[in-house]
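Protein sequences appear in the order of chains A and B. Convert by adding 27 to the 1-based position in the first sequence; the result is the number in the working numbering. Convert by adding 41 to the 1-based position in the second sequence; the result is the number in the working numbering.
Keep in mind the hints are simulated off the structure, nothing from the lab. What you are looking at is a predicted structure, and each value in this text was computed from that prediction instead of being measured. Please note that a few of the clues may not be correct.
Unchecked claim - Covered stretches of chain A, going by a simulated chain B footprint (3 or more residues, C-beta under 8 Å):
no., stretch
1, 44–52
2, 61–67
3, 81–88
For glycine and all other residues, C-beta sits at the position ideal for the given N, C-alpha and C.
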Amino acid sequence: MSGCGSRRALSADEFAALVRLTGLTLTPGQLDELPRIHDLILAMCERVRTPRGMEAEPAHVFRPIEGRSRE
Amino acid sequence: MSDPAFLTIAEAAALIAAKKMSSTELVQACLARTEKLDSKLDAYITFTPDLALAAAKIADQEIARGAYRGPMHGIPIGLKDIFDTAGVRTTAHSRLLADRVPDKDAFAVTQLKAAGAIICGKLGTYEFAMGGPSFDVLGPPARNPWDPTRTTAGSSSGSGAAVAAGLCLGATGSDTAGSIRSPAAQCGLAGIKPTYGLVSRSGILPLAQSLDHAGPLCWTSHDAALMLQAMAGYDPDDPACAARAVPDCTAKLGESLRGKTIGVVSHFYEEDHIASDAVVGGIEAALVVYQQLGCRIVEVRLPSLRDFSAVGMVIMLAEAYAIHEKALASNPELYGENARDRLVMGAFVSGADYLQALRRRRELALEVHAAKAEVDVMLTATSPFTAPKLHEVPKWGFFENPSFSTPSNVTGLPAMAVCCGFTPEGLPLSIQLIGHAFDEQTVFQFGHAYEAATIWRGRRPPIALAA
């Protein structure tokens, strides 16, 4: 699913289609109200992206579980 | 002695240790006060007076035979209703979990019980620590003791109301984006979100695990130090829990602040989200007090509040949606409108959005780390305004305006709300002290010194005094 990657405000029909992809069933009231909030989230998703080259992407952390299970 | 329910934990502990007051007397005072007041405040969602009295009796027996455990022994507290309690329902204030009775205590609850604390019941919360204040959930929202027509803020809403009104001497809270500090601010309390990893979250219903913190709300900074001391500790069942010894949270209480440096983050409340004149006035007056205590005041510039809020919101929505995805699809009618609609927004955050937010989080943490190198604590506002009327809290306010609390959730730094006075209408004002990671001692030192130098801890809500 595209999520906030669409980077633009959605029409009512597009938002309804996006909702269908999530598997959620929203009420008419939600379908009327939530696109405005979706626009706010889009702006936040844009804001967390800072310009950097691929080589500068920091690694995510995963720590393997050490030792042997006692069970 | 005045009403024991208005004692601080430190004062009550001294009396209990000296056998000048029993735990039973203290617990009875709080229970009686709850019986009188809680129909007006709705602080508790599950009140357990019989369990509290039975535990107090055991505490008194232990103390009588010399087995005093320390300053939390025999002290009545309440638990936010997302902390699991064996045999007592834990609902997150949601119809979805109305009948959920855990078979095991949360780790932090186990710690508090081991320290001898007496649990008086489960305190109301915004639904799943996110959706409130709401009237369409398992119970009504808590009301602010300073003006019961107003919100306590949230999400640790019952915790704020209960401690301010003397229904208990301390309460647990959780804080994903300000949910300890905001109710502490609006209810006139000391509430600390400790360093990420200091207090285990195992057995606490999660909102967003990489931002969730647990901590206490109390009347004073000293009390918060005592209660945090009991809550903290390494727990292998919480992968984020720090495998390190818990420092003595009270070690620096009473030490002079002379020569210490406060970094004021004024752009948060003067530019990024302009606070009310009353809030700014409270901060400026507090800075004068700190100067009189010998502190040097410098300005600290951090990234924009909107950067922190964007990172915090994207991470919170994604993590919370992952938890609620199934129930939102299968039983949306069991959520209140606020929680349901806010949680649904996580469906529209992509994997790439989430990872970008995590990367930006690391950058922000490094920028803050560098900016605060020369100061002992940072100081800013806790909330931009005093408590609004319950029915006037905007549903999307947290999405529309950046929060002063979020930076410390994003960076994991300890941050404490401290009451710094009252408006002419009698509503509390608050400063926020932000420390270095795992240096809660200094945060408590600054909070305690301010409280000792001012008169605000001598004032209680009129409704509580009349009870």
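Consistency of the hints with the structure:
Coverage of the stretch 44–52 of chain A by chain B holds. Counting CB-CB distances below 8 Å, 6 residues qualify, and the rule asks for three or more. With 4 residues having a beta carbon nearer than 8 Å to a beta carbon of chain B, the stretch 61–67 of chain A meets the requirement of three or more and the stated coverage holds. With 3 residues bearing a CB less than 8 Å from a CB of chain B, the stretch 81–88 of chain A meets the requirement of three and the coverage assertion stands.
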